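Undergrad: Chain by chain, the residues:
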Amino acid sequence: MDFLYSLFVGPFVDMFSTPDFLLQVLWEGFVTGTLYSLIALGFVLIFKASGVFNFAQGIMVVFSALTLVGLYQAGVPAYLALLLAVGVMALLAIGVERLVLRHMVNQPDIILFMATIGLSYFLIGLGEFIFGGETKSMITEQLGLPTGSTTFAPFGGVLILQHIDIAAVVIAAVLVAGLAFFFSKTRIGRALRAVADDHQAALSVGISLNQIWAIVWFAAGIVALATGIMWGARSDVSFALQIVALKALPVLILGGFTSIPGAIVGGLIIGFGEKLFEVYWGGLLGGGVEGWFAYVIALIFLLFRPQGLFGDKIIERV
Amino acid sequence: MSFDVGYTTADGRTIGGVLMEMKNITLRFGGVTAIKNISLDIREGEIRAIIGPNGAGKTSMLNVINGFYHPQEGEIIFRGEHRKRMRPYQAAKQGISRTFQNVALFSGMTTLDNIMAGRQLKMHKNFLWQMLRYGPALNEEIEHRRKVEEIIDFLEIQAIRKTPVGSLPYGLQKRVELARALAAEPSLLLLDEPMAGMNVEEKEDMSRFILDVNDEFGTTIALIEHDMGVVMDLADRVVVLDYGKKIADGTPNEVQKNQDVIDAYLGVA
Amino acid sequence: MRVRVGVSQQGCLATLRWRSGGNILTSRIAPTGGLDSIPKLLARNAREFGDRPASREKEFGIWQSWTWAEVAEEVNALAMGLLALGLNANDHVAIIGRNRPALYWSMVSIQSCGAVPVPIYQDSVAEEMAYVLDHCSARFVIAEDQEQVDKVLEVQERLPALEQIIYYDKRGMRKYDHTAMNAYRDVQEEGRAGHYRLEPILQERLKSVNYDSTCVMLYTSGTTGRPKGVVLSNRNIIEASRTSAEFDHLNAGDSVLAYLPMAWVGDFIFSIGQCYWTGFCVSCPESPETMQEDLREIGPSYFFAPPRFFEGLLTAVMIRMEDAGPMKRRMFSYFMAHAKKVGGRLLDGKPVSLIDRLKYALGNILVYGPLRNRLGMSRVRVGYTAGEAIGPEIFEFYRSLGINLKQLYGQTEASVYITVQPDGEVRPDTVGVPAPGVEIRIGETGEVFYRSAGTFVEYYKNPESTKSTKDPEGWVATGDAGFFDEETGHLKIIDRAKDVGKMADGSLFAPKYVENKLKFYANILEAVLFGAETDKCTAFINIDMSSVGNWAERNNIGYSSYQELAGHPKVLDAIQAHVEEVNASLANDPMLNGCQIHRFLILHKELDADDGEMTRTRKVRRRIIDEKYADLIAALADGSTEISTTTEVTYEDGRKGSISATLEIRDAKVFPRRAEAA
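Chains as they are written, first to last, in our numbering: chain G, 1 to 318; chain Y, 319 to 587; chain F, 588 to 1265.
Just so you know, the hints here were simulated from the structure itself, not pulled from any lab data. Be aware that one or more of the hints could be misleading.
Stated by the list, open to error - For each label pair, taking beta carbons as the anchor points, the in silico distance ranges come out as:
hint: 1; chain 1: Y; residue 1: ARG526; chain 2: F; residue 2: GLU1140; range: 47 to 57 Å
hint: 2; chain 1: Y; residue 1: ASN420; chain 2: F; residue 2: GLY637; range: 55 to 65 Å
hint: 3; chain 1: F; residue 1: VAL939; chain 2: G; residue 2: VAL9; range: 45 to 55 Å
hint: 4; chain 1: Y; residue 1: ASN517; chain 2: F; residue 2: ARG758; range: 22 to 32 Å
Claimed, not checked - Residues from chain F shown here face chain Y by an in silico Cβ test under 10 Å; the list is partial:
hint: 5; residue: ILE649
hint: 6; residue: TRP653
hint: 7; residue: THR654
hint: 8; residue: GLU657
hint: 9; residue: GLN733
hint: 10; residue: ARG761
Said to hold, decoys possible - When the alpha-carbon atoms are kept at most 20 Å apart in a straight line, the in silico EDC-like pairs for lysine to aspartate or glutamate are as follows:
hint: 11; chain 1: F; residue 1: LYS762; chain 2: Y; residue 2: ASP533
hint: 12; chain 1: Y; residue 1: LYS480; chain 2: G; residue 2: ASP197
hint: 13; chain 1: F; residue 1: LYS1099; chain 2: F; residue 2: GLU1167
hint: 14; chain 1: F; residue 1: LYS927; chain 2: F; residue 2: ASP1010
hint: 15; chain 1: Y; residue 1: LYS480; chain 2: F; residue 2: GLU876
hint: 16; chain 1: F; residue 1: LYS757; chain 2: Y; residue 2: ASP471
hint: 17; chain 1: F; residue 1: LYS1085; chain 2: F; residue 2: ASP1058
hint: 18; chain 1: F; residue 1: LYS757; chain 2: Y; residue 2: ASP530
hint: 19; chain 1: Y; residue 1: LYS465; chain 2: F; residue 2: ASP721
hint: 20; chain 1: F; residue 1: LYS757; chain 2: Y; residue 2: GLU474
hint: 21; chain 1: Y; residue 1: LYS465; chain 2: Y; residue 2: GLU503
hint: 22; chain 1: G; residue 1: LYS185; chain 2: Y; residue 2: GLU459
hint: 23; chain 1: F; residue 1: LYS757; chain 2: Y; residue 2: GLU534
hint: 24; chain 1: F; residue 1: LYS1192; chain 2: F; residue 2: ASP1092
hint: 25; chain 1: Y; residue 1: LYS465; chain 2: F; residue 2: GLU644
hint: 26; chain 1: F; residue 1: LYS1048; chain 2: F; residue 2: ASP721
hint: 27; chain 1: F; residue 1: LYS1104; chain 2: F; residue 2: ASP1058
hint: 28; chain 1: Y; residue 1: LYS354; chain 2: Y; residue 2: ASP578
hint: 29; chain 1: Y; residue 1: LYS465; chain 2: F; residue 2: ASP756
hint: 30; chain 1: F; residue 1: LYS645; chain 2: Y; residue 2: GLU468
hint: 31; chain 1: F; residue 1: LYS757; chain 2: F; residue 2: GLU734
hint: 32; chain 1: F; residue 1: LYS645; chain 2: Y; residue 2: GLU467
hint: 33; chain 1: F; residue 1: LYS645; chain 2: Y; residue 2: GLU474
hint: 34; chain 1: F; residue 1: LYS762; chain 2: Y; residue 2: GLU459
Please read all numbers here as calculations on a predicted model, not as lab measurements. Virtual Cβ for every residue (Gly too), placed ideally from N, Cα, C.
Bound conformation, chain G alone (with noise of 0.2 Å):
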């Protein structure tokens, strides 16, 4: 009875009865729902372009967040360090279009999946060789993000928002618009479509593969910049990043692999539930759910929409 009681009552009565916490519950899921979508993001651009599942998308996180701090504590200026930062992901994304994807090209997924496995641990040790193992933090005052925090008080309570967190939901939203204006409305937006619908008549009407690779490893690596400086900023740089990389995995298959509205609904959803469930279910499971509770949903997801909430649906007539 006491069970059921926490299952189904309890967690509802103490959201009404302190709604300034739940606020701060909400918003919490919110932000880092942000970064989750902003890591899948990354996914979904490379995917839909060259159809290869970019394991090493995680990595490039932690390994563009490593730059720009390593950078930093060489001695660069942090601005000229972001600039520099930028400037390795785009080295990064030739590097990766000339010395990998022009060698596989109509090899199976699997094989360019197992590239981007062998990418990331290179991309691990090329890390660790240069800048170390040990743990970083962010330089967040240096680059001009705002640090401390406001305070509200709705319902009569208490809601904390971090600067740094409401910088980061910003920066997310100005990318995401970003991204998407820039795939829609431009040619080459118009030739990434292309190529993500059919890459022989791409092809054939002179868009160029490798040109597209390029760019789209170029913005997945801007992305994980954007991502590994916000989640740095939060925690620090280490790593051990890469596991929350992972979380990405589930967001996909929540949004669907091509859709990139998907991705960012998906990633709030994981967002939003995983802090809810945390707070309000995780004592009667012993806590840890965080860990665990998106790979949950993405597997119901699997057992009964395998497409996703925004996958393609397959429109073809025979």
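On the provided structure of chain G, position chains Y and F as indicated by the hints.
TA: Relative to the frame of chain G, chains Y and F by itself:
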């Protein structure tokens, strides 16, 4: 036959000099030889057909021309220049457009977007301008749209301008594919079985469009076709392949009388 | 030749509604202000509405438009070009193509030269085209494109009079022999270049064009025999356009979409007659396939379509709604039910409660408005349908949405208008009151006759047909039988006149009208009515196996064959109920209440084309049935309650056999005339 002097066709059109020449092309996949030592030329302004039974190497031939395949032996001379190993998008840049046997469209996009994508190479303005939808990029977009609308009018597909191509019937998809190829204003248009899977009426329409494209824009066309009747009506010159070898080359009349051709066709029939 | 200038009788003619039997001489109305031809109307429009749009056409995805001043220039340039090519006065010039501004202009250019435009159905096969071109001895043909040129060239050898082909769309035409062929724009250029030389000749030709010269010749696609060339004068066209425009208050601000064949009289009246009279703008679709989308973009205020168009559109709407989400579907059916209740009444200006008005206003925002927009009828002020009967449900659907759809009855020979429905007096089962300036008389046999300023001049080169259709006093036989509904004063059309007979007492016998009423019931597949020249009508009924069979299964009635089911007393009861309902409704028709069915039987076999009882298109062959079932018909007449018969049948494999049966004959209740009952 001299290489730079053209000829006059049965219906009185003047055909120019050689646009593309392929010399002793051999293409192998592993142990299989798809094309064996084939030479052929395509002249400015003509409709050139490549025919032959299934597996004769026709599509391989087109794939060599637009850079999907790289032959192990032989050389290709396009517009008087020896062509090096070339990627498909580079071939497109040089003015070679094509359609595919099994329709390769961007099925999630509308007819209009598909054709606009065909103008990819004609667009030059910086993407930043395009993002701002301002200044030179806006004028460029309008200019491209005008050109695309002319093609839509030409191929009579106004009614499906904003329909996603994935939901169109097959015959119309083929027409959209032709429109996309035309959007690049090609100097050489490759058509891989443009009439496959069409009914009689659609075939007639498509034949008319092919002739009109050739007539109105002076586009050189190389096409593969199964239907002998269609080929005889459309083509100025026909090359016949069988098991990767060239067995005849000439006007439709000459080819029709060729004993090897008759044998090859009866052999499969 | 000058037209007699008389007193303007506009006012009294517009209100004249002649019910029947009258014999007033047609008033000869003279044109006001010398506007006695289309070219003169064009000159006036160019002067008075010079900057207003006259024609629009969508090309390359963009609506192009021409002002009246620009149209006048285009028309004159082509006219002068035609003169340069040697077009003579009174020549016939054929126009073949889909609705395009340039082709409409060419008709006016031809008229300016004193010649006669003959628009031809663009989808006619070469054979039909050859007949028409030869019959009118066309010297010039203006064709839209290569396809039409090819059709003309195909039959060229049979057209000794043909001299010049002018084509509008240059595509694919370069290879053709141009010794007797020119591009439309080249002809115009020639005209412009020869301006100084040709302008005086054109002015001279224009002078000879008057109210009684031929405006256009239209071929009727007769159901039997060769098409006939209906000669319509400027008087016919301008009077019909003027009176109808006044009737519906059409003006220069209206807009129409021209999409029906140019060779059809309706299109000529709408897109040339009324357009030039009022000065409104005519838009042409980008292609026939884009018509629906173009309709939406243009949003015409005046619209005509045949019933099948409205039917198709309604089906499309219903299919879309089937695919819509449950929320949307529920909203749609809720508000459509409300519209059905009050929409029509609101449109007719009848009283509606405030609550219902508010509910309709809400529905207008949520459902009707968006739907009208989707249909391209947001701005339709006057909509017409004609040609065949429109289903009452379809008709009322559009009216309930607030679209003022009306019916009219017309003919090529009448320059369209015979009867029209005035605003606020719209009914699904009538065709309206006599159009302004039209007199109507119902003949002895029930045939509808009319006389009006729009009445045609003659059938070209066919004096016999002219004589048999139009009498010396100007009355024209429509070939349709009909009567005026006493209550509403509206005309109802029954059937083709030749199919309508008389009862012994002289009242009308209209079998098809009654049979159609019976066939309206799902249980009745076919019906054959007897009774011409007798006192009482009787009928054969064929039941509908699927519908009645279904009913039988639900009611546990066993049967093994059509014959068994047809003879079941309960089936007879059901059919009797239907027959009596039909009788009740016939009793309300003063002209047709003699056709009530006194006795009927259900046939023991289905009427079948294999037995020669029907045509392959499922029309009953009355003569064969009269012979084959003479015994049954006699039994129906002599009052017996039962009859045994044997009938020969042909099986599907061609073998012949026979079936015997004893059929029950039922008496049905008949109703007194309502007038007598009251």
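Undergrad: Indicate, hint by hint, whether the structure satisfies it.
TA: Verification of the hints:
1. Y:ARG526 to F:GLU1140: 47 to 57 Å: With Cβ atoms ~55 Å apart, the hint holds.
2. Y:ASN420 to F:GLY637: 55 to 65 Å: About 56 Å separates the Cβ atoms of ASN420 (chain Y) and GLY637 (chain F), which means 55 to 65 Å holds.
3. F:VAL939 to G:VAL9: 45 to 55 Å: For VAL939 (chain F) and VAL9 (chain G) the Cβ distance comes to about 53 Å; the hint holds.
4. Y:ASN517 to F:ARG758: 22 to 32 Å: holds, 24 Å
5. ILE649: This hint holds: ILE649 (chain F) lies near chain Y, its Cβ roughly 8 Å from the closest one there, short of 10 Å.
6. TRP653: violated, 19 Å
7. THR654: Cβ of THR654 (chain F) sits 23 Å from chain Y, so the hint is violated.
8. GLU657: With Cβ-Cβ at 22 Å, over 10 Å, it is violated.
9. GLN733: holds, 9 Å
10. ARG761: Hint holds; ARG761 (chain F) Cβ to chain Y Cβ min 7 Å, cut 10 Å.
11. F:LYS762 to Y:ASP533: holds, 9 Å
12. Y:LYS480 to G:ASP197: Measuring from Cα to Cα gives roughly 17 Å; hence the hint holds.
13. F:LYS1099 to F:GLU1167: holds, 17 Å
14. F:LYS927 to F:ASP1010: holds, 18 Å
15. Y:LYS480 to F:GLU876: holds, 13 Å
16. F:LYS757 to Y:ASP471: holds, 13 Å
17. F:LYS1085 to F:ASP1058: holds, 18 Å
18. F:LYS757 to Y:ASP530: holds, 11 Å
19. Y:LYS465 to F:ASP721: Distance of about 42 Å is beyond 20 Å: violated.
20. F:LYS757 to Y:GLU474: holds, 15 Å
21. Y:LYS465 to Y:GLU503: Measuring from Cα to Cα gives roughly 10 Å; hence the hint holds.
22. G:LYS185 to Y:GLU459: Distance of about 11 Å is within 20 Å: holds.
23. F:LYS757 to Y:GLU534: Roughly 10 Å separates the two Cα atoms, so the pair holds.
24. F:LYS1192 to F:ASP1092: violated, 33 Å
25. Y:LYS465 to F:GLU644: Judged against 20 Å, a Cα distance of about 19 Å means the pair holds.
26. F:LYS1048 to F:ASP721: holds, 12 Å
27. F:LYS1104 to F:ASP1058: Cα-Cα ~34 Å, so violated.
28. Y:LYS354 to Y:ASP578: Roughly 17 Å between the alpha carbons, so the hint for LYS354 (chain Y) and ASP578 (chain Y) holds.
29. Y:LYS465 to F:ASP756: holds, 18 Å
30. F:LYS645 to Y:GLU468: Distance of about 12 Å is within 20 Å: holds.
31. F:LYS757 to F:GLU734: holds, 11 Å
32. F:LYS645 to Y:GLU467: holds, 11 Å
33. F:LYS645 to Y:GLU474: Holds: LYS645 (chain F) and GLU474 (chain Y) sit about 13 Å apart, inside 20 Å.
34. F:LYS762 to Y:GLU459: violated, 35 Å
This entry does not satisfy hints 6, 7, 8, 19, 24, 27 and 34, going by the numbered hints stated previously.
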